[in-house]
Amino acid sequence: MNGDHPASRKARPVQIAFLTDIHSNREALTAVLAHARARGAQRFVLLGDYVGYGPDPEWTIETIAGLVAEGAIAIRGNHDEAAVGGVNGMNSNAAQAIDWTSRQLSKASLDFLSKLPLSVIDDDRLYVHADASAPHRWLYVVDGEAARHSLEAAETRLVFSGHVHVPAIYGLSNIGKLTPFRPQPGIAIPLLAQRRWLALIGSVGQPRDGDPAAGYALYNDYSAEIVFHRVPYDVETTAQKIRAAGLPAGLASRLFAGH
Amino acid sequence: MAAPRISPGSVIDGFTVDSQVHRGGMATIWAVKKPGIDTPLIMKVPRLAEGEDPATIVGFEMEQMILPRLSGPHVPKFVAAGDFRTLPYIVMEWIEGKSLHTRLPDLPLPPAEVADIGARVATALDALHRQQVVHLDVKPSNVMVRPSGEMALIDFGLSHHLLLPDLLDEEFRLPYGTAPYMAPEQVLGQRSEPRSDLFALGSLMYFFVTGTRPFGDPQTLKGLKKRLWRDPPPPRKLRPECPPWLQEIILRCLEVDPAQRHPTAAQLALDLRTPGQVSLTARSERMTQDGFIAAFKRRMDLDHILVIDKGPAPGDAPIIMAAVDFNTLGDAAAEAMRATIRQLMIAMPRARLACVNVLKLRRIGIDSTLDDEGEHKHLQRLIELRHWARPLELPDGSVTFHVLEATSPADAILDYARANHIDHIVMGARERSAMRSLLGSVSGEVAAEAPCTVTVVRVRAEDGAAP
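Protein sequence lines, in the order shown, are assigned to chains A and B. In terms of our numbering, the first sequence has 239 at position 239, counting the first letter as 1, and numbering is strictly consecutive. In terms of our numbering, the second sequence has 168 at position 168, counting the first letter as 1, and numbering is strictly consecutive.
No wet-lab data here; the hints were simulated from the structure. We treat Cβ as the ideally placed atom computed from N, Cα and C, and that holds for glycine. Don't take every hint at face value.
[Said to hold, decoys possible] What follows is a set of in silico ranges between Cβ atoms, one per label pair, in the way DEER data are often shown:
1. A:R12 <-> B:G24: 34 to 44 angstroms
2. B:L392 <-> A:V14: 28 to 38 angstroms
3. B:G25 <-> A:Q194: 51 to 61 angstroms
4. B:D396 <-> A:V14: 25 to 35 angstroms
5. A:Q194 <-> B:H22: 23 to 33 angstroms
6. B:A294 <-> A:F256: 34 to 44 angstroms
[Unchecked claim] Derived pair list, reagent style DSBU-like, types lysine-lysine, alpha-carbon separation capped at 30 angstroms:
7. A:K115 <-> A:K241
8. B:K297 <-> B:K377
9. B:K34 <-> B:K98
10. B:K297 <-> B:K360
11. A:K177 <-> B:K222
12. B:K225 <-> A:K177
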């Protein structure tokens with residue numbers, strides 16, 4: 001077969017763990033990293049929003065920076081940008097948390113955040129926090145039309161994003177038909193080679209789909225299969241820290257319900 | 001890109017192409033061989049020429065996605081798939097045997113044979129549905145009869161995996177299926193209802209027992225939609241030999257509202273295998289179609305006919321087996337077992353209960369059941385089983401009674417559970433006794449070997465009683 005065949009294109013499969021919207025949630029990130037490593041994750045791709053909302057920004061950035069030093073790719077999210085450059089267009093809870101976050105972060109962490117790219121192309125994949133057609137505008141990809149817009153703006157076959165805190169997949173066929181899909185945890189979904197796909201990875205630190213467990217996804221770059229996972233973590237501890245830090249109480253209570 | 005030409009002798013990814021075995025509208029099928037694989041194989045290659053129906057391509061993608069995720073004797077074993085960008089193909093087991101299509105010249109078939117075929121297809125569908133796949137194109141040519149008698153379903157090009165993206169759903173506005181067999185909800189574009197396959201099987205059984213297709217072979221959407229409001233002539237009108245119980249089952253499969261059909265393929269298979277216990281309704285006696293006015297009213301009010309609920313997970317409508325042993329069952333134990341079953345049936349109103357008793361045969365003189373005494377015993381046990389279940393107050397149609405004759409009660413219970421796809425066995429514990437410690441218990445053996453959940457019911461010991 002010619003060089004396009006996956007068997008000749010990839011010497012061996014690589015398991016890539018996609019994490020996004022961690023939001024200073026140390027307990028959730030710790031649980032997800034352990035879960036991903038136990039399942040053979042060899043590379044980490046972090047799709048933004050490491051800080052904001054949660055109580056452990058400095059620890060979280062140090063951890064992310066550590067992963068990047070070991071070869072992970074990290075993309076910038078809107079909360080990361082706000083922590084460095086100031087609040088712009090956020091709701092009051094988010095803005096309050098960002099003010100607090102900026103005061104907690106070390107010079108080195110702020111410096112790390114300020115240097116993150118808005119998007120990265122890696123093989124046949126684009127990594128971007130929000131809508132790929134205008135990464136700096138932080139638009140939410142919440143429906144088929146938005147997904148189509150994002151996919152059409154990208155040049156790669158696959159797009160991986162975060163920002164919406166709800167896992168979803170959209171497939172786009174070569175005749176322009178869009179298939180939306182809500183992935184079930186633990187089920188391998190093939191991102192079939194003859195069409196294009198947008199994968200929205202659910203949030204590690206503040207899920208909003210009614211399931212409080214931390215979300216992330218593992219992608220196998222040989223079989224082109226993606227598995228969304230949910231990992232339970234110690235929500236009580238995170239919530240206590242949020243209250244103890246004097247952050248808005250709603251940021252603690254929503255973690256229990258996953259909304 | 002243009003697909004490379006395939007001809008006898010070509011080698012594709014290690015598979016040597018032998019001869020063409022089929023050339024259909026959607027795909028060509030070749031016999032292939034590969035060193036190290038002894039079983040006969042076929043390679044299915046889609047026809048991707050210019051101007052082909054795009055559904056052909058999407059159907060092939062679906063089959064490439066679904067087939068590797070399936071296992072068991074009721075589907076062809078998946079071997080390999082080719083990369084779509086170079087040469088799309090699927091290599092799978094070549095199933096020995098013939099499809100049900102080869103029986104068409106023999107129609108109509110005797111009712112008992114139709115029920116037997118229907119039960120075996122339903123068992124295959126149950127295995128498929130438990131793997132989260134709805135076939136959506138059940139028809140004679142897609143059912144292969146293995147030499148073992150087991151049915152294997154083929155061609156998953158229109159199928160839907162309930163946990164994977166459905167590429168056909170968004171792709172095309174026309175309903176996809178095969179006109180004579182397509183369920184009403186499928187005609188309306190619903191693709192996630194496992195009971196659509198029961199409708200198709202009902203059409204197949206109707207065809208096989210009467211020699212006539214219940215809805216003809218309409219070629220337009222309007223013609224397809226007629227099945228939403230126009231009921232077919234009852235099978236007994238066309239074929240008086242069709243017994244009422246078989247008409248009951250077939251017409252239940254052909255109900256327009258999926259909720260009125262059997263909840264699962266396993267429950268349908270159970271009905272087809274126990275004709276004497278099918279709960280007969282007005283369906284079984286019907287000899288004419290509904291009148292013009294009734295049908296016309298339905299036609300004018302289609303929105304109210306079809307309220308599609310979400311397809312039940314097979315777990316919502318399990319078959320529960322109560323293995324009742326009268327020798328060890330005191331009053332308290334009998335009530336404890338009923339209490340457990342009552343809880344299960346309340347939690348899952350669509351469950352079926354199969355009450356089973358094993359009539360133990362002596363190892364010698366096996367034919368004793370043929371004599372009057374044996375027959376009397378069998379009947380007496382059935383009466384006792386019904387009496388035992390009476391306090392459960394279960395509606396007709398949700399409970400059946402079976403007396404099995406065997407030398408080993410545990411083996412009989414296990415065989416029954418496997419053959420009928422039982423989801424949950426409830427049985428009593430044997431009283432504490434020297435016998436149990438010497439011989440082991442039936443419940444212990446069943447719990448260790450069962451293909452499903454086993455609940456062993458024991459009356460709580462009094463405090464201070466011997467352990």
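Hint check:
The beta-carbon spacing between A:R12 and B:G24, approximately 38 angstroms, falls within the hinted interval of 34 to 44 angstroms. The hinted range of 28 to 38 angstroms is not satisfied by B:L392 and A:V14, whose Cβ atoms lie roughly 57 angstroms apart. The hinted window of 51 to 61 angstroms between B:G25 and A:Q194 is violated, with their beta carbons roughly 21 angstroms apart. Between B:D396 and A:V14 the C-beta distance comes to about 59 angstroms, which lies outside the given range of 25 to 35 angstroms.
A hinted range of 23 to 33 angstroms for the beta carbons of A:Q194 and B:H22 is consistent with their spacing of about 24 angstroms. Taken as a hint, the range 34 to 44 angstroms is violated for the pair B:A294 and A:F256, whose Cβ atoms sit roughly 54 angstroms apart. Proximity of A:K115 to A:K241 is assessed by CA-CA distance (about 28 angstroms); at most 30 angstroms being required, the pair is judged to hold. Restraint check for B:K297 and B:K377: not satisfied, since their Cα atoms lie roughly 53 angstroms apart, outside the 30 angstroms limit.
For a cut-off of 30 angstroms, the pair hint linking B:K34 to B:K98 stands: about 24 angstroms separates their Cα positions. This hinted pair does not check out: B:K297 and B:K360 have alpha carbons roughly 56 angstroms apart, beyond 30 angstroms. Of the supplied pair hints, the one linking A:K177 and B:K222 holds, its CA atoms being roughly 25 angstroms apart against a limit of 30 angstroms. For a cut-off of 30 angstroms, the pair hint linking B:K225 to A:K177 stands: about 26 angstroms separates their Cα positions.
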